[in-house]
Amino acid sequence: MTRYGYPGASAQPEEGRGAALFALARAWAAGIVVLLLTEYLQTTLVNDHLATSDNLETFNGRLMLVHIPNAICIALATWAAGRFHREPFRDSKTQHVLAVCTVGAAAQAWNLVMQWEALEAEGILMSNAVLVVGVVAGYAGERLQDE
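The sequence shown begins at 1 in the working numbering and counts up one residue at a time.
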């Protein structure tokens, strides 16, 4: 008997560096798609209908209408990236953390670059807090689903 379970089974090639990169790219693509879809829903449902200038004047208004929905979007994108990161590469902690955290970090960097001139201290601090909360929640949800 061979190591693949039956006589005459062909030996399968070891998955190399290219396969690991493809697994990361697949996870990132899933995270990006989920992030784009959830941000689109947030923009069309929340921002267009509820986020008036009166509602956004207070910190609580910005928290409820901007920051919490953004954290949910990041958490869902992180979760999706984790779910699409396939075996055996998800067994490596380093590769799996890279797979799940990159989309949120890249989105944060893009957001800071695009809005740099209009940023204030509260915006930078809260968007970084949203990133951390979203990534931790998405990663925790994805790991709990594995167990």
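Hints were generated in silico from the structure; no laboratory data involved. Cβ coordinates follow ideal geometry from the N, Cα and C atoms, glycine included. Warning: the hint list may mix true and false statements.
[Claimed, not checked] Derived DEER-like restraints, expressed as beta-carbon distance ranges: (1) 144 - 88: 29 to 35 Å; (2) 147 - 21: 23 to 29 Å; (3) 93 - 22: 26 to 32 Å; (4) 141 - 106: 33 to 39 Å; (5) 19 - 117: 41 to 47 Å; (6) 60 - 19: 45 to 51 Å; (7) 60 - 144: 39 to 45 Å; (8) 140 - 106: 26 to 32 Å; (9) 60 - 26: 38 to 44 Å; (10) 60 - 21: 41 to 47 Å; (11) 20 - 60: 15 to 21 Å.
* When you take the CB atoms of residue 93 and residue 22, is the distance between them in 26 to 32 Å? -> Violated: the Cβ-Cβ distance is about 19 Å, outside 26 to 32 Å.
* **33 to 39 Å as the expected CB spacing between residue 106 and residue 141, which holds or is violated** => 20 Å, violated
* Given the hint of 26 to 32 Å, check if residue 140 and residue 106 actually sit that far apart at their C-beta atoms. => 20 Å, violated
* **Assessment of proposed distance window 45 to 51 Å (beta carbons of residue 60, residue 19)** => 48 Å, holds
* Look at the Cβ atoms of residue 60 and residue 144 and judge whether their distance stays inside 39 to 45 Å. => 30 Å, violated
* To do: Just tell me: holds or violated, for the beta carbon distance of residue 19 and residue 117 against 41 to 47 Å?
  => 42 Å, holds
* residue 60 paired with residue 26, Cβ distance criterion 38 to 44 Å -> Roughly 39 Å apart at Cβ, these two residues keep to the hinted range, so it holds.
* Asked: Is the hinted range of 23 to 29 Å satisfied by the C-beta distance from residue 147 to residue 21?
  -> Once the Cβ atoms are compared, 27 Å apart, the range 23 to 29 Å for residue 21 and residue 147 holds.
* Asked: How does the Cβ-Cβ distance of residue 60 and residue 21 compare with 41 to 47 Å: does it lie in that range?
  -> Between residue 60 and residue 21, where Cβ atoms are some 44 Å apart, the hint holds.
* Could you tell me whether the CB distance from residue 20 to residue 60 stays inside 15 to 21 Å? => 44 Å, violated
* Evaluate the given range 29 to 35 Å for the C-beta pair formed by residue 144 and residue 88. => About 21 Å separates the Cβ atoms of residue 144 and residue 88, which means 29 to 35 Å is violated.
Taken one by one, the earlier hints fail for this structure at numbers 1, 3, 4, 7, 8 and 11, listed in ascending order.
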